[in-house]
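A.B. asks: Listed here are the chains, written in short residue letters.
Protein chains: 4
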Amino acid sequence: MENNFSFKTRIQVRYAETDAMGVVHHATYPIWFEQARVDFFRAVGAPYDEVEREGFASPVLELNVQYKRPCRFGDFVDVETKLVHEGRCKYKFLYQVTLNGELCTTGYSVHVFTKGGIPTREKPECIKKVEDKIFSD
Amino acid sequence: MENNFSFKTRIQVRYAETDAMGVVHHATYPIWFEQARVDFFRAVGAPYDEVEREGFASPVLELNVQYKRPCRFGDFVDVETKLVHEGRCKYKFLYQVTLNGELCTTGYSVHVFTKGGIPTREKPECIKKVEDKIFSD
Amino acid sequence: MENNFSFKTRIQVRYAETDAMGVVHHATYPIWFEQARVDFFRAVGAPYDEVEREGFASPVLELNVQYKRPCRFGDFVDVETKLVHEGRCKYKFLYQVTLNGELCTTGYSVHVFTKGGIPTREKPECIKKVEDKIFSD
Amino acid sequence: MENNFSFKTRIQVRYAETDAMGVVHHATYPIWFEQARVDFFRAVGAPYDEVEREGFASPVLELNVQYKRPCRFGDFVDVETKLVHEGRCKYKFLYQVTLNGELCTTGYSVHVFTKGGIPTREKPECIKKVEDKIFSD
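As they're listed, the protein sequences go chains P, W, X and C.
Just so you know, we're using the working numbering here: the first sequence kicks off at 7 and counts up by one.
Just so you know, we're using the working numbering here: the second sequence kicks off at 7 and counts up by one.
Just so you know, we're using the working numbering here: the third sequence kicks off at 7 and counts up by one.
Just so you know, we're using the working numbering here: the fourth sequence kicks off at 7 and counts up by one.
Extracted from the complex, chain P is given alone in its bound form (with noise of 0.2 Å):
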């Protein structure tokens, strides 16, 4: 990914996350995505719980993955992950998976905040504090 601020999580393959191909189901992905999302949000200051806490939610509205090269079990895995704005109320996460350095996978998913259930531009003050920090774009 090119500059500005991102972070990088490692994740070690689990045997349940392979299938009977002997690589890593494809949808483990979005699993390894989100713990980065996680990973990210609590190394800016922000945990996600504690944009629970404050009443909010981040759902999924779109997700992305592109398969390069499968990954196995015993692989130490880097989740590389960025955040860009996309519209005025929704932010766009980027994953790069890598495997000793190689590309193994790429991602997208786009996320709003909601209160109650519902959409909403407002953010949570946790995120606020942050956000000078955390956006590439």
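Warning: the hint list may mix true and false statements.
Unchecked claim - Only pairs whose alpha carbons sit at most 25 Å apart, straight line, appear in this in silico SDA-like list of lysine to any residue:
1) W:K98 - C:L67
2) X:K96 - W:F79
3) W:K74 - C:S12
Claimed, not checked - Computed, partial: chain W to chain P, Cβ under 8 Å:
4) D25
5) P76
6) F79
7) F82
Bear in mind the hints are in silico, worked out from the structure with no lab data behind them.
Treat the numbers as computed from the prediction; the structure is a model and nothing was measured.
In this text, a Cβ means the ideal position worked out from N, Cα and C, and glycines have one as well.
Using the hints provided, position chains W, X and C relative to the given structure of chain P.
C.D. replies: Same frame as chain P, but now just chains W, X and C:
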């Protein structure tokens, strides 16, 4: 299983449920058991979402699984479920997973009813109505 | 979805598929899509386990999910599936998840056939036999 | 756990691991146990992927989980793991999941080594080298 009321759920093995050994991952069976419980409750007229609407939950206190033969992608398995009392407040589900009549897995789970997170002897109305019918002991 | 061949799979939401927001976790949908693909292939007479027995696999190259309305425990959803060509070697599944006719989620996945892990233009015999029938474009 | 060799794995609860009760779904614990086993084996110098490379597998024969206190998203839990003999060919892992020192879950799993799918008394070389060190009984 002996006599009494029991219920059979048919489950189609999902590719995502297999692992790199080429068989169904062992942590999948508790999810099938849960599915079987849910089908059991609906079959007797006390669906679990009604249990929740009455303000109850019914968490798992103990889980046991005995693995005898593996299941594979492409298999359609049957989970037979039976309910027995376990002391005053607890109840126990017994499970048998079979593939074409051959026993693959057995297990049980012990549950209690809770209200507001607190274990209670009280039972949901929808359960009380069918109680005589569903317990085998 | 427009006209042409499509297939509908009914899926019962599992409790294990929900998350702390009280709705189906977003990483569940790719697993439902896979289930829908498997049912699609079996419905047309080319079951995926036969594809594998012929020495082929058909990994996911790209996955996309658009989340519109949440699903919940207790829901029975329908996943409608349709298959289109995507270039020479790739094919694309389109998905629509509905609950009582209301659209909840859409998505697609792009696939290729591989033999011994290598992408190939060759197709499994069981697919060739039904090819005219299953592609919508 | 008593004395002897044991290993502690720290696990960060994933959002995907929670359910609509707002707590970690009970079928998640067997996956954590597996992760803890894998970490145990690597910590003693006999990583499970090496076990597999030697042509062995080590399937689960029995699984037991006792649920005492729920864990939640945002929690970092510790899984303490210990290994004991269970008859001639079987071995048993004992698990304790704690959150800030408080016991949440206990469990065990019974395993056997297999070669080509057949249970065997033989052990992988990498296990033999550390055997004296890792068994507590």
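A.B. asks: A separate judgement is required for each hint: does it hold in the structure or not?
C.D. replies: Taking the hints in turn, this is what the structure says about them:
1. W:K98 - C:L67: holds, 21 Å
2. X:K96 - W:F79: OK: K96 of chain X and F79 of chain W at ~24 Å, within 25 Å.
3. W:K74 - C:S12: Violated: K74 of chain W and S12 of chain C sit about 28 Å apart, past 25 Å.
4. D25: Interface hint status for D25 of chain W: holds (5 Å vs cutoff 8 Å).
5. P76: violated, 11 Å
6. F79: Check passed: Cβ of F79 of chain W comes within 6 Å of chain P, closer than 8 Å.
7. F82: Since chain P brings no Cβ nearer than about 16 Å to F82 of chain W, farther than 8 Å, the hint is violated.
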